[in-house]
Amino acid sequence: MDRIKGEILQGTLDLMVLKVLEGMGPMHGYGIARRLEQVSENLLELNQGTLYPALLRLQQRGWINSKWGASENNRRARFYSLTKAGRKQLATEEASWERTSALMARVLEGS
Amino acid sequence: MRILLWRFMGLFRKTRLEHELDEEVRSHLEMLEQEYLRRGMSLQEARYAALRSFGGVDQIKERYREQRGLPFVDAFFQDVRYGWHGLLRNPGFAAVAIMTLALGIGANTAIFSVVHAVLLRPLPYRNPSRLVYVSEFWPHETPVKTVPNPDFANWSEHGRLFDGLAAYGGGAEVNLTGMGEPERLSGARVTADFFTLLGVEPFLGRSFLREEDRPGGRKAVLISYELWQRRFGSNLKVIGSTVQLDGDLYTIVGVTPAGFRFPDDDFRAQVFLPMLVARVADWKSPDPNQFRLLRALARLRPGVTPEQARAELTALVRAEAELEPPQFKRMRTGMEVRITPLSERLAAPARPILLILLSSVALLLIMSCVNVAGMQLARGATRQRELAVRAALGARRSRLAAQLLMENFVLLIAAAGVAVCLGFAGLRALRSLAPPQIPHLELASLDWTVLLFTLIVATMTGILAGLAPALLGSRVELNEILKGSGAQTGSAQRQHRVRSILVTSEIALALVLLIGSGLLTRSLIHLISVNPGFNTHRLLTLRLTLTERAYPKPEQKDAFLGALLVRLRALPGVRSAAAGSGLPTLGWGSLRGTDIEGQPEMPPGLRPDIPCDTVSTEYFQTLGIPLMAGRGFNQQDRTSAAPVAIVNQAFAREFFSRQNPIGKHVGRRSPPGVWREIIGVVGNVRQLGPSQEESPEIYIPYQQEPNEDVNLVLRTATGPLGLVAPVKAAVQAVDPAQPVYDAATMDQRLSESMAPQRFNALLVGVFALAALGLAGVGIFGVLAYSVARRTSEIGVRVALGASRAQVMRLVVGEGLRLCGLGVVLGLAGSVPLTRLLGGVLFGVGPSDPVALAAASAALVLVAVLACYIPARRALSVDPMTALRHD
Numbered sequence: 001m002d003r004i005k006g007e008i009l010q011g012t013l014d015l016m017v018l019k020v021l022e023g024m025g026p027m028h029g030y031g032i033a034r035r036l037e038q039v040s041e042n043l044l045e046l047n048q049g050t051l052y053p054a055l056l057r058l059q060q061r062g063w064i065n066s067k068w069g070a071s072e073n074n075r076r077a078r079f080y081s082l083t084k085a086g087r088k089q090l091a092t093e094e095a096s097w098e099r100t101s102a103l104m105a106r107v108l109e110g111s
Numbered sequence: 001m002r003i004l005l006w007r008f009m010g011l012f013r014k015t016r017l018e019h020e021l022d023e024e025v026r027s028h029l030e031m032l033e034q035e036y037l038r039r040g041m042s043l044q045e046a047r048y049a050a051l052r053s054f055g056g057v058d059q060i061k062e063r064y065r066e067q068r069g070l071p072f073v074d075a076f077f078q079d080v081r082y083g084w085h086g087l088l089r090n091p092g093f094a095a096v097a098i099m100t101l102a103l104g105i106g107a108n109t110a111i112f113s114v115v116h117a118v119l120l121r122p123l124p125y126r127n128p129s130r131l132v133y134v135s136e137f138w139p140h141e142t143p144v145k146t147v148p149n150p151d152f153a154n155w156s157e158h159g160r161l162f163d164g165l166a167a168y169g170g171g172a173e174v175n176l177t178g179m180g181e182p183e184r185l186s187g188a189r190v191t192a193d194f195f196t197l198l199g200v201e202p203f204l205g206r207s208f209l210r211e212e213d214r215p216g217g218r219k220a221v222l223i224s225y226e227l228w229q230r231r232f233g234s235n236l237k238v239i240g241s242t243v244q245l246d247g248d249l250y251t252i253v254g255v256t257p258a259g260f261r262f263p264d265d266d267f268r269a270q271v272f273l274p275m276l277v278a279r280v281a282d283w284k285s286p287d288p289n290q291f292r293l294l295r296a297l298a299r300l301r302p303g304v305t306p307e308q309a310r311a312e313l314t315a316l317v318r319a320e321a322e323l324e325p326p327q328f329k330r331m332r333t334g335m336e337v338r339i340t341p342l343s344e345r346l347a348a349p350a351r352p353i354l355l356i357l358l359s360s361v362a363l364l365l366i367m368s369c370v371n372v373a374g375m376q377l378a379r380g381a382t383r384q385r386e387l388a389v390r391a392a393l394g395a396r397r398s399r400l401a402a403q404l405l406m407e408n409f410v411l412l413i414a415a416a417g418v419a420v421c422l423g424f425a426g427l428r429a430l431r432s433l434a435p436p437q438i439p440h441l442e443l444a445s446l447d448w449t450v451l452l453f454t455l456i457v458a459t460m461t462g463i464l465a466g467l468a469p470a471l472l473g474s475r476v477e478l479n480e481i482l483k484g485s486g487a488q489t490g491s492a493q494r495q496h497r498v499r500s501i502l503v504t505s506e507i508a509l510a511l512v513l514l515i516g517s518g519l520l521t522r523s524l525i526h527l528i529s530v531n532p533g534f535n536t537h538r539l540l541t542l543r544l545t546l547t548e549r550a551y552p553k554p555e556q557k558d559a560f561l562g563a564l565l566v567r568l569r570a571l572p573g574v575r576s577a578a579a580g581s582g583l584p585t586l587g588w589g590s591l592r593g594t595d596i597e598g599q600p601e602m603p604p605g606l607r608p609d610i611p612c613d614t615v616s617t618e619y620f621q622t623l624g625i626p627l628m629a630g631r632g633f634n635q636q637d638r639t640s641a642a643p644v645a646i647v648n649q650a651f652a653r654e655f656f657s658r659q660n661p662i663g664k665h666v667g668r669r670s671p672p673g674v675w676r677e678i679i680g681v682v683g684n685v686r687q688l689g690p691s692q693e694e695s696p697e698i699y700i701p702y703q704q705e706p707n708e709d710v711n712l713v714l715r716t717a718t719g720p721l722g723l724v725a726p727v728k729a730a731v732q733a734v735d736p737a738q739p740v741y742d743a744a745t746m747d748q749r750l751s752e753s754m755a756p757q758r759f760n761a762l763l764v765g766v767f768a769l770a771a772l773g774l775a776g777v778g779i780f781g782v783l784a785y786s787v788a789r790r791t792s793e794i795g796v797r798v799a800l801g802a803s804r805a806q807v808m809r810l811v812v813g814e815g816l817r818l819c820g821l822g823v824v825l826g827l828a829g830s831v832p833l834t835r836l837l838g839g840v841l842f843g844v845g846p847s848d849p850v851a852l853a854a855a856s857a858a859l860v861l862v863a864v865l866a867c868y869i870p871a872r873r874a875l876s877v878d879p880m881t882a883l884r885h886d
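Protein chains in written order, with the working numbering: chain A, 1 to 111; chain B, 1 to 886.
In short, the hints are calculated from the structure, not lab data. Predicted model, so just to flag it, every value in this text is computed and none were measured. Honestly, I wouldn't trust all of these hints.
20 Å max Cα-Cα, derived DMTMM-like pairs, lysine to aspartate or glutamate [claimed, not checked]:
(1) A:67 with B:735
(2) A:67 with B:20
(3) A:19 with A:98
(4) A:67 with B:22
(5) A:84 with A:22
(6) B:553 with B:708
(7) A:67 with B:18
(8) B:145 with B:265
(9) B:728 with B:742
Pulled a few chain A residues facing chain B out of the computed Cβ check, cut under 7 Å [to be verified]:
(10) 24
(11) 25
(12) 26
(13) 30
(14) 47
(15) 48
(16) 49
(17) 53
(18) 57
(19) 65
(20) 75
(21) 77
(22) 78
(23) 79
Just so it is clear, CB atoms sit at the ideal spot from N, CA and C, and this is done for glycine as well.
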């Protein structure tokens, strides 16, 4: 399969980050990036740096929290975790996605 | 919303947040590096791979920053800081720009504070929007502003649409005696519910009771706060004490609050007396003493419109129409009731002049903007390169324009600050000029509304002044600028054209102001050169009133005046002395319905009203009024002798055009009126002041009809004011309880009568001068730039043999062209604007050719002067250096 390159929609990136944090618990930026690569089986090739504006946005929306802590190799790193509001948002977004994709599938099959 | 808050907070602690971001990015990169190392890359490769994987660090950081803060605010502060440094680097430009803007804004601040205080502020009464002034308009009579008391009584009783009706009037000038120096007090008569209607609580005591407002009721008086302070020593126990007014004892029942504003600027009341209009006065009561003309105020019920009230009052008048005496009904045919909101009535006299002033300062403001815009365009030319680089780096045009506009912010703040100071000073100056046509000028101050206005005006000015430079400056032709081909670029030409247009419009605006100023100045000159009809130099005037109470019999008045005049003539320094019931600039003694021999007899009420003055024997000599025919009054013209009169030329011309008036009779044909023989004709006097037309006048000897108003006039050998004290002493010597007031020289009075015109001419003149200066600076700027731009062209011309005159013509020609176009535009534009002046002009029309020509000439002169330095520079161009420079 061809890799999906380039920019992805802001919203989708946000959703993916939330999902990762749900699954992995508190994680720093690098970790989230790695996880995203893993899960998408390296289909997703994004500039890892673009995570940071997204993470800030999520914080501003109140869906994630951040805290400074020690990383695996004892470096200072910022860890992000999901908030209750974030969890709720994730559930809403997932439901919405499923509905949209089901709809799209039906439409594309039909025509 | 959360996001906004976050972003707002992100403006602060920037350094720390930067730090954290830095650290986070670094740690991410390190971890990436580790990963790649683990995969077997070398350190170098790992580092590159990490960076590649991450993406452009600076760009990411930039996007992060955009997300974090409020980019507009950041940009704004950045631009402002940049602008601030720019101004510091160019202090000359900064100073001139700030002063120019401050001039325009400051003038507006000062004028607006007056407009706000006089026209916009609500009146100091309860619910002032509901207060109205009620008057009647009788089309066949001279305009009355008043209401006959039978109507007032009718309305008070039957009117349903009012929450209250009150009346006031004059006739309350009284002599205060019995407590030290006697003083003449001005006052007003008011009905009992006058103060309640206005919603004004007396500072001490109370207002009148109904019983006190009836003829024969207890004599009660209210005094003003100022009088209470000055004559009663701010005594808090003054209520209940008595005071002697015109010989009668009155009880003080109240003191009006400080700053109380009487709702009529014709009155300057120090005391308030009850109206004493019997409420039962109506048409049925035949007593002429009961008939009065009142000024009426009313408070409309909530929801009632003036139109509805008008209809009700008219209907009520109609309902009682049959009861009116027939001659009265005739006078009132076609009568209208008029209802005017009180605020409108009080503001009306000041409105025309304030409108003129507002227009003038608005023009001035636009001119300042245009000037500064031009200056900024010139300055902007030097920044072309920097802006081009920014554009090349990706800045959008709107961003560049916004940047240029925002840099003005510092300029704006500074200009606004200086403007407030200028406005303050300007207001002080206005107050000291105290023009009579703007009442209550002392209320004007720089309060919050005015400051807010200043801020708004300053902002608009900043935008206006910055718009052209911003739009033009942001239009960067990258190729041209980066190649550096200098002054021949299209953008430079465009800039020059824009600046020329700006300057032309400035010239037009300046011309409008100059024309206005010229018209007003000519008005003033006309006024000053009007012949008043008498000799005005070294005349001292004072006034006194011989009250009925103190001088009940005419012989007593005559005796007093006789004794006084003897003493006055004996005073050293007094050349001659006389008295009259009227006086030039003060007005006539009275207006009387007069029968004239040879004219058809008229019924009462339709007789012509002729101004009458009773004068002492040496009145005409003292004033220097020439005797044209017949003789003046002498000692023989006493009460016992035949009744005589003297008329003026205007009277003779109007009523005896072909005949000799001497020997004819005027007055009242039937007793108790007096039928007087005309024994002389004197020259005309502008009794009401230079701006009013001459009118027919009749003079009667004081001895034959002693009047209570005695206006003394003395011709002095030296400065008249030095004799005020001796005159007062002489009066006191004849009657110690007689107050003398209003001492002034005739020159002072004449000057006062011209005060409005002088004020108008002065103020608009100042503005016009400022405008002229601005226009001159503007022209200079454009021409200087033009010469600088065309240095090489001039060099070529000189090299090809152009003479000095031809080079001069180049520069001056451009200047004159700009000026000429501006003058034409200005002349066209002045037509509608000078209409505004129509009401205040005297002796000149709005399109007076002399004023137009003078204004244009002044402007052309300034333009030529402005050409001087640029022309010199052009002449000093050395062709060799100029050509090499290119």
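Verification of the supplied hints:
1. Taken as a hint, the residue 67 of chain A and residue 735 of chain B pair is broken in the structure, with Cα atoms around 100 Å apart against an allowance of 20 Å.
2. The straight-line distance between the Cα atoms of residue 67 of chain A and residue 20 of chain B is roughly 11 Å, inside the 20 Å bound, and the hint therefore holds.
3. A hinted pair counts as satisfied when its Cα atoms are at most 20 Å apart, and residue 19 of chain A with residue 98 of chain A qualifies at roughly 14 Å.
4. Distance restraint check for residue 67 of chain A and residue 22 of chain B: the Cα-Cα separation of roughly 16 Å lies within the 20 Å cut-off, and the hinted pair is therefore satisfied.
5. Under the criterion of a C-alpha separation no larger than 20 Å, the hint pairing residue 84 of chain A with residue 22 of chain A is consistent with the structure, at around 11 Å.
6. Note on residue 553 of chain B and residue 708 of chain B: the hinted pairing holds, with a Cα-Cα distance of about 11 Å set against a maximum of 20 Å.
7. Taken as a hint, the residue 67 of chain A and residue 18 of chain B pair is honoured in the structure, with Cα atoms around 16 Å apart against an allowance of 20 Å.
8. About 13 Å separates the Cα atoms of residue 145 of chain B and residue 265 of chain B, which keeps this hinted pair within 20 Å; it holds.
9. At most 20 Å may separate the alpha-carbon atoms for a hinted pair to count; residue 728 of chain B and residue 742 of chain B meet this at roughly 11 Å.
10. Checking residue 24 of chain A against chain B: minimum C-beta separation of about 15 Å lies over 7 Å; hint violated.
11. Contact between residue 25 of chain A and chain B, as hinted, is not supported at the beta carbon level, the nearest pair being about 18 Å apart and thus beyond 7 Å.
12. Using the Cβ-Cβ criterion of 7 Å, the hint placing residue 26 of chain A at the interface with chain B is not satisfied: the shortest such distance is roughly 15 Å.
13. Interface restraint check for residue 30 of chain A: the shortest CB-CB distance to chain B comes to about 4 Å, inside 7 Å, so the restraint holds.
14. Hint status for residue 47 of chain A: holds, given a least beta-carbon distance of 3 Å to chain B, under 7 Å.
15. Interface hint status for residue 48 of chain A: upheld, as the beta-carbon distance to the closest one in chain B is roughly 5 Å, under 7 Å.
16. Hint status for residue 49 of chain A: holds, given a least beta-carbon distance of 3 Å to chain B, under 7 Å.
17. Contact between residue 53 of chain A and chain B, as hinted, is supported at the beta carbon level, the nearest pair being about 5 Å apart and thus within 7 Å.
18. For residue 57 of chain A, the interface hint holds, the least distance from its beta-carbon to any beta-carbon of chain B being 6 Å, beneath 7 Å.
19. A least Cβ separation of about 13 Å between residue 65 of chain A and chain B goes past the 7 Å threshold, and the interface hint is therefore violated.
20. Taking 7 Å as the C-beta cut-off, the interface hint given for residue 75 of chain A holds, the closest approach to chain B being about 5 Å.
21. The beta carbon of residue 77 of chain A is positioned within 7 Å of a beta carbon in chain B (closest approach about 5 Å), and the interface hint is therefore held.
22. For residue 78 of chain A, the shortest C-beta to C-beta distance to chain B is roughly 5 Å, which falls under 7 Å, so the interface hint holds.
23. Against a cut-off of 7 Å between C-beta atoms, the interface hint on residue 79 of chain A is violated, since the closest Cβ of chain B lies about 11 Å away.
Of the numbered hints given earlier, the model fails hints 1, 10, 11, 12, 19, 23; all others are met.
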